[in-house]
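Model the full structure from these sequences, guided by the hints.
Letter by letter, the chains look like this.
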Amino acid sequence: DVKVTQSSRYLVKRTGEKVFLECVQDMDHENMFWYRQDPGLGLRLIYFSYDVKMKEKGDIPEGYSVSREKKERFSLILESASTNQTSMYLCASSSQGSRWDTQYFGPGTRLTVL
Amino acid sequence: QKEVEQDPGPLSVPEGAIVSLNCTYSNSAFQYFMWYRQYSRKGPELLMYTYSSGNKEDGRFTAQVDKSSKYISLFIRDSQPSDSATYLCAMSPLGAGGFKTIFGAGTRLFVKA
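If you read the protein sequences in the order shown, they are chains P and S.
1 is the number of the first residue of the first sequence in my numbering; add one for each residue after it.
1 is the number of the first residue of the second sequence in my numbering; add one for each residue after it.
Be a bit skeptical, because a hint or two may be false.
Label-pair ranges, simulated between beta-carbon atoms [claimed, not checked]:
no., chain 1, residue 1, chain 2, residue 2, range
1, P, E17, S, R60, 43 to 53 Å
2, S, P81, P, M54, 41 to 51 Å
3, P, D59, S, G9, 18 to 28 Å
4, P, E79, S, R60, 38 to 48 Å
5, P, I77, S, I18, 41 to 51 Å
6, S, G59, P, G16, 48 to 58 Å
7, S, N55, P, K3, 25 to 35 Å
8, P, Y10, S, D66, 34 to 44 Å
9, P, E62, S, A113, 41 to 51 Å
10, P, S82, S, E57, 40 to 50 Å
Think of the hints as simulated: they come from the structure by calculation, not from any bench.
The C-beta atom is built at its ideal place from N, Cα and C for all residues, glycine as well.
And the structure:
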């Protein structure tokens, strides 16, 4: 059974803190993604990675950075958390190649920044 | 204007009803069309996908794409309380799993027993 796991389901942080969100997939997928999900706005892509140590900015990268040191692990970093980064964060992975390779999502991390 | 528009609902129907969920889009380059289902406190999971225009059926679910109108639909027949979830449409010019996928905001569906 395919699986994408995220390190925390719920997280509460203070403004200015550095925040790490971890994502691990066990499907040997090349692609990994970080999205945020907000009511009325849907899923918006923050960053994606198509290979180890490779990353590309998505639609809303400001205030975020990422790290992919191993194929199965993709980390999202909030360098200095702000209240407007309160959101649901979803990690996903997909395989390169066949056009039908779908994105598999983790359960999400609900982050609250106070 | 958003690239993909989806009515957020909520949509409330009685058990057994036929449900119609819809999205419109503006980018004529979209070729791959997907529907994801997201249960409360879970990540989205792929429900159906289609390429280009036409219909695709899978059990109680039918996905329909009308590229001339830039309009996609998901029909659920004989809806069940277990179908209660948020349904997100998604579309891409490149492929189902790629970084160019654009998601709709999602429609919340409640099926009452």
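Could you see if the CB distance from P/E62 to S/A113 stays within 41 to 51 Å? Hint holds: Cβ distance 45 Å, inside 41 to 51 Å.
Supplied distance hint 25 to 35 Å, evaluated on CB atoms of S/N55 and P/K3: Holds: the Cβ-Cβ distance is about 32 Å, inside 25 to 35 Å.
Taking the beta carbons of P/E79 and S/R60, is their distance inside 38 to 48 Å? holds (46 Å)
Do the Cβ positions of P/D59 and S/G9 conform to the proposed distance bound of 18 to 28 Å? holds (24 Å)
So does P/S82 sit 40 to 50 Å from S/E57, Cβ to Cβ? holds (46 Å)
Assessment of proposed distance window 48 to 58 Å (beta carbons of S/G59, P/G16): holds (50 Å)
Supplied distance hint 41 to 51 Å, evaluated on CB atoms of P/I77 and S/I18: Roughly 46 Å apart at Cβ, these two residues keep to the hinted range, so it holds.
Given the hint of 41 to 51 Å, is the C-beta distance from S/P81 to P/M54 inside that range or not? holds (44 Å)
C-beta pair P/E17, S/R60: status relative to the range 43 to 53 Å that was hinted: holds (46 Å)
For the range 34 to 44 Å, tell me whether the beta carbons of P/Y10 and S/D66 fit it or not. holds (41 Å)
Hint compliance for this structure: no hint is broken.
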